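J.: Here's the letter readout for the chains.
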Amino acid sequence: MLNSVLVANRGEIARRILATARRLGIRAVAVYSEADADLPFVADADEAVPIGPPPPAQSYLDVAAVLAAARRTGAAAIHPGYGFLAENPAFARQVLAEGLIWVGPPPGAIEQMGDKINARNLMAAAGVPVAAGSAEPVTSAAAATAEAARIGYPVMVKAAAGGGGIGMSAVAGPAGLAAAFETARTRAERFFGDPAILLERYIERARHVEVQILGLADGRVIALGERDCSVQRRHQKVAEETPSPGVGNELRARMLAAAVQAGQAVGYRGAGTVECLVDTAAGDFVFLEMNTRLQVEHPVTELVTGIDLVEQQFRIAAGEQVSFAPDQVRPRGHALELRIYAEDPVRFLPSPGTITQWEEPAGPGVRVDAGYTAGNKVTPFYDPLLAKLCVHGQGRAEALARARAAVAAFGIAGLRTNLPFHADLLASEEFRSGGYDTSIVSRLRP
Amino acid sequence: MAEVRAEMVANVWKVVAAEGAQVSDGDTLVILESMKMEIPVLAEGSGTLTRLHVAEGDIVQEGDLIAVIE
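Residue numbers (numbering that gives the first Met the number 0), protein chains in the order written: chain Z, 0 to 445; chain B, 0 to 69.
Possibly wrong hints are sitting among the right ones.
[As the list claims (entries may be wrong)] Cut-off 30 Å, straight-line C-alpha distance, at most; resulting in silico cross-link-like pairs (DSS-like, lysine-lysine): (1) Z:Lys376 with B:Lys35; (2) B:Lys13 with B:Lys35; (3) B:Lys13 with Z:Lys376.
[Claimed, not checked] Rough simulated footprint, nothing fancy, chain B against chain Z, three-plus residues with beta-carbon under 8 Å: (4) 341-354; (5) 369-383.
Bear in mind the hints are in silico, worked out from the structure with no lab data behind them. Since we're looking at a predicted model, the values are computed, not measured. All residues carry an ideal CB built from backbone N, CA and C; glycine is no exception.
Chain B extracted, bound-state conformation:
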């Protein structure tokens, strides 16, 4: 199981992957936006995206859980 967490305070601009989807290492899961910069959040490892904790428009804090891949 791999947890994907936010690297910084940001707004969730786009949710790219859907819960339950098969993802591969390096796939874009969501795109965050902070300080006018888009920051893609990538899958670290392959597997099933069992949980997606964010929705578009959410604000995440540094260290917040974004997704779980199993």
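If we strip away everything but chain Z, and leave its shape as in the complex, we get:
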């Protein structure tokens, strides 16, 4: 096993990774920006190194500062978490060139999947279903119009190098296309440093369902079930659950097999997620993209399988076997994750501030992955995720009941949070029935 690891991230995910490292006796090093010095993850680490001012470009995205911290602390490995440097193949290569262990997939796999156009082409060649869409970058509004006419409306316009829903928009007809294209291109350049845009056929009334895969040290790729991530605002996930209420056994088997094929096609190692769109009317799915890292919503998979995914990442990175029998995984019960954001619960606008009260719910089947506690300041520099409230139950009804009680018991004061939205979601007939799709939030908040 690894003897030490530096976690190149912040907030709840840094804390999550540090917890497993410490449980396994791995010396755990944190890095932090000036804005985060008082956060729990800094105190949780065996050693913590300041790496710069609050803006991400000067701290968490500063490759030289992160590598210097690794050298200074003698860390043997780097775990990037999600976001920041997690899907940056150049960073992964530098980590390896420094003689460190990269707790992530091979840089080549990150690169191949990071470009969504390349990923689509690769998946199509490997026999994984993809939606009608661009096989090469769309470089002008005029080209976008021609491409949309070929694909057929409605279309989704998005950044090839993108993620997190940034710059993405669905367009119903030719009238809105030029504006959507310009928005996508501007944001793509700003956030991802790459203006390449692709168009894809937009599926209405779709569910967003993803499959957790693990590429083992011996080269096998296995699937650990799916997560339904259809509850989204601004194309960003708000709540996730497993199993998906919209996926039957036959469709699940096909999706898991396709996800394994996708991983095999790029020689995948470690934890990854194959995101798909499920067309609920047709009972079919298409590949959307692959996230080559630990996913935010990984806890729901952990709750139903009993597998610590971060431990498996460490084991695979060290060239060891996983801690469970890969062919004997039987998910049990139902799990739900609610993302607690620092934002107003109606318009979902950011609400930074100082946390004056922080009371976490507890009890059977309740897990809270929190990045903050009372007294902490939530700054505008990073994403609004405060904590992930996760629950597990024997069935969906029990999980939902536990979630309702846990939301009511979560006491956060000093800033606005979306806890009231989660209460509304859990009370809504559409969510309770399980028959929802990616537009559920727009119906709950018209």
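Using the hints, position chain B against chain Z.
T.: Chain B alone, transformed into the frame defined by chain Z:
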């Protein structure tokens, strides 16, 4: 005279309108950024943008004056 104030703590990402310019109700004056979200600040009413209190890269607090339209 209308004062435009910041709704939340944010960084000023882009200044779109220039001091002295004629603006119409709903025009974007500046674009703030908070928690990885862009938040356009719009003119509430038409007139002359007589004062612009922020520059790109500034950090504004909730309630801070951003612009004055007369």
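J.: For Z:Lys376 and B:Lys35, compute the direct alpha-carbon distance and say whether it is at most 30 Å.
T.: Measuring from Cα to Cα gives roughly 17 Å; hence the hint holds.
J.: Count the residues of the segment 369-383 of chain Z with a beta-carbon closer than 8 Å to any beta-carbon of chain B: does the count reach three?
T.: Since 6 is at least three, the answer is holds.
J.: Quick one: see if chain B covers the segment 341-354 of chain Z, three-plus residues with Cβ-Cβ under 8 Å.
T.: holds (count 7)
J.: Can the restraint linking B:Lys13 and B:Lys35 be considered satisfied, given a maximum Cα separation of 30 Å?
T.: Answer holds: B:Lys13 to B:Lys35 is near 14 Å, not above 30 Å.
J.: For the pair supplied as a hint, B:Lys13 and Z:Lys376, is the alpha-carbon distance within the 30 Å limit?
T.: holds, 25 Å
In this structure, none of the earlier numbered hints is contradicted; all agree with it.
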